[in-house]
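Novice: From just these sequences and the hints, can you work out the full model?
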Amino acid sequence: MNSKFRNRWVLQLVSVAAVIVAANVFAQTPAPTAVTAPANAPVVTPLVVAPIAQTPIVEAPKVIPPLPAGSTAAPGWNLPPKWSDVESTGQYASVRGRETNVLVEDSGQWWRSLRNGPLTFYGGIILLVIPAVLLTFFAIKGPFRLHDKLSGRLVERFNSAERMVHWTMAFSFVALAFTGITILFGKHLLLPIIGPAAFSWITVIGKNIHNFVGPLFVFSIIAFFFMYVKDNIFTGRDFTWLSKFGGLLSGNHVPSGRFNGGEKMWFWMSIVLFGILVSVSGLLLLFPNWNTSRELMAQSNLIHASLATLFMATSLGHIYIGTIGTEGAFQGMKEGYVDETWAKEHHALWLEEVKSGKRSGMRSGMPAGKAIAASQPAAGDD
Amino acid sequence: MIGAGRWQQNARRAAPVLVFAVSVLGLSGCGEIDQKAKTEKIYSGKKDAEAYDNTKFAGDKSKWESAMVERSKTQNEYNRTDTKKPAAN
Amino acid sequence: MARMKFICDAERCIECNGCVTACKSEHEVPWGVNRRRVVTVNDGKVGERSISVACMHCTDAPCMAVCPVDCFYKTEEGVVLHDKDLCIGCGYCFYACPFGAPQFPQAGAFGLRGKMDKCTFCAGGPEVDNSAEEIKKYGRNRLSEGKLPACAEMCSTKALLGGDGEVIASIYQQRVKRRGKGEEVWGWAMAYNRKDAKSAAKQEVKA
Ligand code: SF4
Ligand code: SF4
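Protein chains in written order, with my numbering: chain A, 1 to 382; chain B, 1 to 89; chain C, 1 to 207.
Worth double-checking, as some hints may not be accurate.
[Unchecked claim] With a Cα cut of at most 30 angstroms, we get these calculated DSS-like pairs of lysine-lysine:
| id | chain 1 | residue 1 | chain 2 | residue 2 |
| --- | --- | --- | --- | --- |
| 1 | A | K230 | A | K141 |
| 2 | B | K61 | C | K136 |
| 3 | A | K149 | A | K358 |
| 4 | C | K158 | C | K177 |
| 5 | C | K158 | B | K73 |
| 6 | A | K244 | A | K334 |
| 7 | C | K158 | C | K136 |
| 8 | B | K61 | C | K45 |
| 9 | B | K56 | C | K158 |
| 10 | C | K147 | C | K84 |
| 11 | C | K136 | C | K147 |
| 12 | C | K177 | B | K56 |
| 13 | C | K158 | B | K63 |
| 14 | C | K137 | B | K56 |
| 15 | B | K56 | C | K136 |
| 16 | A | K244 | A | K141 |
| 17 | C | K45 | C | K158 |
| 18 | C | K84 | C | K45 |
| 19 | C | K45 | B | K47 |
| 20 | C | K45 | C | K177 |
| 21 | B | K61 | C | K84 |
| 22 | C | K84 | B | K47 |
| 23 | B | K47 | B | K63 |
| 24 | B | K61 | C | K137 |
| 25 | C | K147 | C | K115 |
| 26 | B | K47 | C | K137 |
| 27 | C | K136 | B | K63 |
| 28 | B | K73 | C | K177 |
| 29 | B | K63 | C | K147 |
| 30 | C | K147 | B | K73 |
| 31 | C | K177 | B | K61 |
| 32 | B | K63 | C | K137 |
| 33 | C | K136 | B | K47 |
| 34 | B | K47 | C | K147 |
| 35 | A | K355 | A | K149 |
| 36 | B | K56 | C | K45 |
| 37 | A | K358 | A | K334 |
| 38 | A | K244 | A | K230 |
| 39 | B | K61 | B | K73 |
| 40 | C | K158 | C | K147 |
Hints are computed from structural coordinates only; laboratory data are not their basis.
Specialist: Here is the structure:
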């Protein structure tokens with residue numbers, strides 16, 4: 001009951017935060033300005049433009065507008081449409097092609113101002129600040145070290161399939177991140193240095209890498225989700241973990257299961273939420289042959305780029321914690337095994353489960369040359 | 001009931017963090033930057049011959065310009081059809 | 001000298017698609033690409049108008065602003081051109097352009113589009129003017145021959161005007177005075193109901 005209640009609470013917080021973020025995004029869009037009649041060169045008494053008749057021919061406008069002196073126009077009949085009203089509705093065009101019958105599509109301007117404005121600016125800042133913060137933290141505090149000596153007994157943390165999926169995702173993510181960054185920021189950072197021709201080569205190769213690795217990333221996300229979701233369900237103790245920042249401030253580890261609150265946040269927020277949205281928007285952009293409208297493409301691009309930036313920012317945190325930030329963590333994902341001491345200090349409840357036999361600590365064979373017994377022999381291995 | 005107590009404790013502990021996070025998020029709305037579209041002029045000076053840099057105009061810009069203006073004027077058929085010509089342009 | 005501009009007079013356009021054809025044949029534009037098209041508004045209803053649309057050579061060109069490889073450039077006369085050698089076919093210019101001017105020879109899976117192609121105001125590209133290479137990539141360079149865009153010169157009703165902005169604006173002005181209607185010049189200011197629509201409209205016509 002309680003843990004359920006807490007879960008709901010967390011969910012509400014997440015949604016409140018999402019609403020605030022969304023509200024801010026909307027706050028950035030330029031407020032619609034009043035329709036000002038364009039004053040063009042001709043010095044003609046402005047005409048009262050007749051309402052556009054939606055019903056076929058016969059119906060003449062009710063108010064017949066007066067005509068300027070000397071005009072040859074038929075009064076109230078066959079006046080031009082109000083151009084500012086017809087701009088983005090589909091009309092007729094004999095030339096075939098995507099949206100050829102759309103006279104004006106003004107969503108592009110909205111997309112441009114957001115992409116070239118806040119997205120590039122704040123996105124760039126985020127991608128610079130996060131690594132700086134992490135490196136500063138590392139310089140000051142150094143990695144989280146183990147308190148006890150290594151026990152020499154190994155526990156299996158990730159089996160080979162889990163590792164394979166993780167690394168497929170990781171490498172494709174890195175490839176996508178670098179090529180994506182080139183497309184959004186390269187014009188400002190790289191192009192002035194290496195010149196347009198070389199930059200164009202890099203970007204066209206990058207674009208194709210991005211487009212062909214993208215689907216691989218999508219598949220790996222799906223596989224990853226099903227493989228890891230079971231141990232990433234939020235429980236009550238994760239909330240305790242999060243409220244104490246994982247013991248970051250006190251220095252005492254809060255006991256956690258196979259994955260701690262932070263890892264679960266990373267899983268749900270980045271891999272699931274960002275992953276799904278980035279994948280869906282990316283797939284929409286990936287297939288120009290699907291006849292997607294320009295407006296949807298522009299919107300997808302905005303979602304894609306902004307969430308990918310956040311994804312990259314959070315992944316920097318994940319990479320930091322998983323490599324230089326935590327002693328012994330990288331080994332777990334690289335080789336699949338962690339030392340019992342590490343397990344006890346970081347995931348005590350998980351180790352207990354393994355020891356009590358509730359969960360297997362040995363699901364695949366030991367790597368050759370590692371003739372050390374795993375944890376306590378677990379009864380009823382799966 | 002023990003659980004509820006702990007929940008309250010946790011909530012109390014988390015409250016300042018949340019208030020901080022929410023206000024930071026809210027504050028970010030003030031960071032509105034100039035939305036007026038500008039042309040990025042990084043690459044506008046790209047190499048291309050000027051339209052008058054050829055044998056016909058021999059690099060004479062004004063010659064080319066007046067040729068273009070004259071040619072543009074031919075699009076006014078009033079000049080050809082009208083007897084009582086309106087003000088010439 | 002003023003900027004090069006197009007004006008299409010919706011009161012005159014009869015949707016003959018002569019401009020579309022003129023462009024295609026002058027530049028031997030690849031199959032599936034149309035640099036110019038005619039859009040009919042209120043088709044079959046009172047107030048039906050047709051208008052010929054191509055690249056409007058925007059003063060503050062969105063395509064130029066979003067291109068990730070910055071392959072666009074603008075000539076002294078305000079013609080927006082691009083370099084096909086640099087284009088990566090990302091399609092961003094197509095999303096950004098209000099007039100749907102950028103076109104792509106392909107639309108394949110995995111974002112394969114080919115090099116972008118659009119109206120050049122008959123001013124070719126960065127290659128040597130009217131070289132075989134330029135003609136192959138961008139079509140004919142009429143401006144360097146002292147000619148105006150083929151579409152405008154070929155327009156049978158003179159609905160489509162192209163050339164020196166001041167001259168064609170005054171032609172249009174004179175026309176509107178005569179017939180007493182259709183004074184709304186269709187273009188950027190019409191595309192966006194911007195606060196500075198007034199000045200933008202003036203730029204469209206005059207600048
Ligand atoms: S391609 Fe579109 S956005 Fe670019 S200059 Fe032409 S009309 Fe403007
Ligand atoms: S398709 Fe080509 S011209 Fe258009 S934005 Fe992309 S790289 Fe630039």
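Novice: So, for every hint listed, does it hold in this structure?
Specialist: Hints, verified against the model:
1. Taking the CA atoms of K230/A and K141/A, the gap is about 33 angstroms. The hint is violated against a cut of 30 angstroms.
2. With a C-alpha separation of about 27 angstroms, the suggested pairing of K61/B with K136/C holds against the 30 angstroms cut-off.
3. Under the criterion of a C-alpha separation no larger than 30 angstroms, the hint pairing K149/A with K358/A is consistent with the structure, at around 26 angstroms.
4. Of the pairs offered as hints, the one joining K158/C and K177/C holds, with about 16 angstroms between alpha carbons and a cut-off of 30 angstroms not exceeded.
5. Between K158/C and K73/B the CA atoms are separated by roughly 12 angstroms; this keeps the pair inside 30 angstroms, and the hint holds.
6. The straight-line distance between the Cα atoms of K244/A and K334/A is roughly 28 angstroms, inside the 30 angstroms bound, and the hint therefore holds.
7. Restraint check for K158/C and K136/C: satisfied, since their Cα atoms lie roughly 29 angstroms apart, inside the 30 angstroms limit.
8. Distance check on the hinted pair: K61/B and K45/C sit about 48 angstroms apart at the alpha-carbon level, beyond 30 angstroms; violated.
9. Under the criterion of a C-alpha separation no larger than 30 angstroms, the hint pairing K56/B with K158/C is consistent with the structure, at around 27 angstroms.
10. Proposed proximity of K147/C and K84/C is supported: the alpha carbons are some 23 angstroms apart, at most 30 angstroms.
11. With a C-alpha separation of about 19 angstroms, the suggested pairing of K136/C with K147/C holds against the 30 angstroms cut-off.
12. Simply put, K177/C and K56/B have alpha-carbon atoms about 37 angstroms apart, too far for the 30 angstroms limit, and the pair is violated.
13. For the given pair, K158/C sits about 25 angstroms from K63/B by alpha-carbon distance, which is consistent with the 30 angstroms threshold.
14. Between K137/C and K56/B the alpha-carbon distance is near 23 angstroms, which keeps this suggested pair within the 30 angstroms criterion.
15. Note on K56/B and K136/C: the hinted pairing holds, with a Cα-Cα distance of about 22 angstroms set against a maximum of 30 angstroms.
16. Of the pairs offered as hints, the one joining K244/A and K141/A holds, with about 18 angstroms between alpha carbons and a cut-off of 30 angstroms not exceeded.
17. Note on K45/C and K158/C: the hinted pairing holds, with a Cα-Cα distance of about 24 angstroms set against a maximum of 30 angstroms.
18. Between K84/C and K45/C the CA atoms are separated by roughly 41 angstroms; this puts the pair beyond 30 angstroms, and the hint is violated.
19. The hinted pair formed by K45/C and K47/B fails the criterion: a straight-line CA distance of about 48 angstroms is larger than 30 angstroms.
20. For a cut-off of 30 angstroms, the pair hint linking K45/C to K177/C stands: about 26 angstroms separates their Cα positions.
21. Among the hinted pairs, K61/B with K84/C is consistent with the structure: their alpha-carbon atoms are about 27 angstroms apart, no more than 30 angstroms.
22. Restraint check for K84/C and K47/B: satisfied, since their Cα atoms lie roughly 13 angstroms apart, inside the 30 angstroms limit.
23. Straight-line distance between C-alpha atoms of K47/B and K63/B comes to about 22 angstroms, which keeps the hinted pair within the 30 angstroms bound.
24. For the proposed pair K61/B and K137/C, the alpha carbon gap of about 26 angstroms is at most 30 angstroms, so the pair holds.
25. Proposed proximity of K147/C and K115/C is supported: the alpha carbons are some 27 angstroms apart, at most 30 angstroms.
26. This hinted pair checks out: K47/B and K137/C have alpha carbons roughly 16 angstroms apart, not beyond 30 angstroms.
27. Taking the CA atoms of K136/C and K63/B, the gap is near 28 angstroms; set against the 30 angstroms cutoff, the hint holds.
28. For the hint linking K73/B to K177/C, the alpha-carbon distance of about 17 angstroms falls within 30 angstroms, and the restraint holds.
29. At roughly 13 angstroms between alpha-carbon atoms, K63/B and K147/C fall within 30 angstroms of each other, so this suggested pair holds.
30. Restraint check for K147/C and K73/B: satisfied, since their Cα atoms lie roughly 12 angstroms apart, inside the 30 angstroms limit.
31. With a C-alpha separation of about 33 angstroms, the suggested pairing of K177/C with K61/B is violated against the 30 angstroms cut-off.
32. This hinted pair checks out: K63/B and K137/C have alpha carbons roughly 28 angstroms apart, not beyond 30 angstroms.
33. A C-alpha spacing of about 19 angstroms is found between K136/C and K47/B, which places the hinted pair at or below 30 angstroms, so the restraint holds.
34. At roughly 22 angstroms between alpha-carbon atoms, K47/B and K147/C fall within 30 angstroms of each other, so this suggested pair holds.
35. Pair hint K355/A plus K149/A holds up; C-alpha atoms about 19 angstroms apart against a cutoff of 30 angstroms.
36. Note on K56/B and K45/C: the hinted pairing is violated, with a Cα-Cα distance of about 49 angstroms set against a maximum of 30 angstroms.
37. Taking the CA atoms of K358/A and K334/A, the gap is near 25 angstroms; set against the 30 angstroms cutoff, the hint holds.
38. Between the alpha carbons of K244/A and K230/A the distance comes to roughly 24 angstroms, so the proposed pair stays at or under 30 angstroms and holds.
39. Between K61/B and K73/B the alpha-carbon distance is near 18 angstroms, which keeps this suggested pair within the 30 angstroms criterion.
40. For the proposed pair K158/C and K147/C, the alpha carbon gap of about 16 angstroms is at most 30 angstroms, so the pair holds.
Hint check: violations occur at hints 1, 8, 12, 18, 19, 31 and 36; the rest are consistent with the structure.
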